[in-house]
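**Q** Residues per chain, in single letters:
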Amino acid sequence: MGQSKSPGAGVVGYHAAWKLKKQSETGTHGLLTAALGRLLQDKLALLGLGIILVVVTVAVFAPYFAPNDPFKVDLMQRLVPPQAQYPLGTDHLGRCLLSRLFYGSRSSLTAAALALAAIMLISIPFGTLAGYCGERVDNILMRIVDVLLAFPGLVLALVIAGMLGPGLLNVMLAVAAVRWVGYARVIRGTVLSVKEKEFVLAARACGTSGLGIIIRHILPNVLSPVIILATLDMGRLIIAISALSFLGLGAQPPVPEWGAMLNDGRSYMQVAPQLMIYPGLAIMTVVLAFNLLGDGLRDALDPRGTVRL
Amino acid sequence: MSLLEVKELVKHYAGKRGIFAGHQEKVRAVDGVSFSLARGETLGLVGESGCGKSTLGRLVVRLEEPTAGKIFFTGEEISGWTGRKLRELRSRFQIIFQDSSSSLNSRRTAGAIIEEPLANFGMRKGERRERVRELLTLVGLEPEHAAHYPHEFSGGQRQRINIARALTLQPELIVCDEPVSSLDVSIRAQILNLLRELKKRMGLSYLFISHDLAAVNYLVDRVAVMYLGKIVEMLPAEGLVSQARHPYTLALLRAVPEPDPRQRTGQKPVMRGEPPDPVSPPAGCRFHPRCPEARDVCRQNEPVLREVEEGQLVACHLS
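Heads up: the protein sequence lines correspond to chains W and Y, in order.
In terms of this note's numbering, the first sequence is residues 1 to 309.
In terms of this note's numbering, the second sequence is residues 1 to 319.
Calculated from the structure, these hints are not laboratory results.
There may be inaccurate statements among the hints.
Stated by the list, open to error - The calculated BS3-like cross-link candidates involving lysine-lysine, where the alpha carbons are at most 25 Å apart (straight line), are: (1) W:43 with Y:70; (2) Y:26 with Y:85; (3) W:195 with Y:7; (4) Y:26 with Y:7; (5) Y:70 with Y:85; (6) Y:7 with W:197; (7) Y:7 with Y:70; (8) Y:7 with Y:125.
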């Protein structure tokens, strides 16, 4: 670019100006770091994250935190109010309520997380295929989704769980079998909009294969709505699993699970309301925490940065 | 032999369908377009938005499937090619889009974006890095910019990245689909200069799509004016102002703002209204409802593109 008379000489001249502009900008850091930075400024999201971290820690280290053995039945100590040995009292079989709550967080969280993994496993390929292939494939796949969506979710899950038989694993599968359709729809919609973006056309124009386009360009751009949806939905999954457990389809006694504990405490609500209050509070807190984090993530992961209210 | 030849190219999109099935509306985006482009030549394609010029550009680089017609590239018919054969061919022509930000994947660095075509065509990693640095310098950016994400660049810089990506595979033809329309006026000149210099250096041919006659005049050798899916006039760029004959071309020329107030003629724009719906183009000459000189013959017969002078083709009954 040396020749001074060619129109290209102007190109050299502008160089210095860009250099200045480049230095004035924030510098090199990845999008994820930027997103994390935004998340760290969102106090409500941090609160949610904090609660989740605490609950996860409790779940992982339940044996260390629990004051008593959650399975130890002591019929002499039935339905005792909170006291030094039993910080939240005992249930109808004289088991420590707090210890059961701690152990119960294990079942509830793992069940919800595994259900979520199953949902992803089905919905990502399904939604991507429908959105990317379009036309007939899309039509067929989306009609399947429509049919599934026409059923009331919890009732359908109830039927599936009933057919599979009681048990936490079956409840997870039942919830996943009902919930994946919503994800598939969101993913398909996002894929549809990303597919039309010019950078996808440009990738096609420079010889990237269909699979390469999906992996390199479409999926990374679909990911953030999916993460947001998943975090927001974690709460609902926990509720759904607890609800099925409450109905007796999920965790089987004596395994502690929040929904099942609610059911156990139901008959004693008049004499020992703490049997329902604490598991209920636990579910509510965790669900709230996931919703707060989900909202925060939605704001943080949008590369353009949204106005926070 | 011309580098690119397009014969009777047609692209119809499926439009609305009636509730009771029956007939399907067709949007006639490109409706029988023929032209050829010599190696090293730049053809400007101008027209209002919605006249099918972008569709034509995408058809040429095979991002859209033509409904009918043929595309020849260096004498070979490529319009039917698919799959692997087509992907191999893609290194020979590239496209630069109008929107500099939506044509870059915001989750990949500039380096990764420019590198992608090279990876597709099997270049080794070390060589790719080297080539990316070269290309960044070539389009007037710094090699260090490779590590930056698109949102860290300005609009003009982003368009430079787009240009770099298009150049990676050393194509013979680049379709520039309004490459400067989304940029500030001050940046436009820089990008146009860059395109012009690259053309000279690398012996490129451009199909330069624009609605900006000034930009076209600066860069191109020949101009094709499109109206509602058809080419209505084609002429050498230097004759654009003096030689243009089609009333539509004249109207476009008159719509260019005149910067010097003493030069202003006070003439009102001759064209009124919007271009008609491409679903049902008017009978006869497609321009007749807006043409100030329309006669009876214009309403009945569609004029054909014919040579009126050496190198100038016009589709108008009156010229």
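**Q** What hints, given by number in increasing order, does this structure fail?
**A** Numbers 1, 2, 3, 6 and 8, in rising order.
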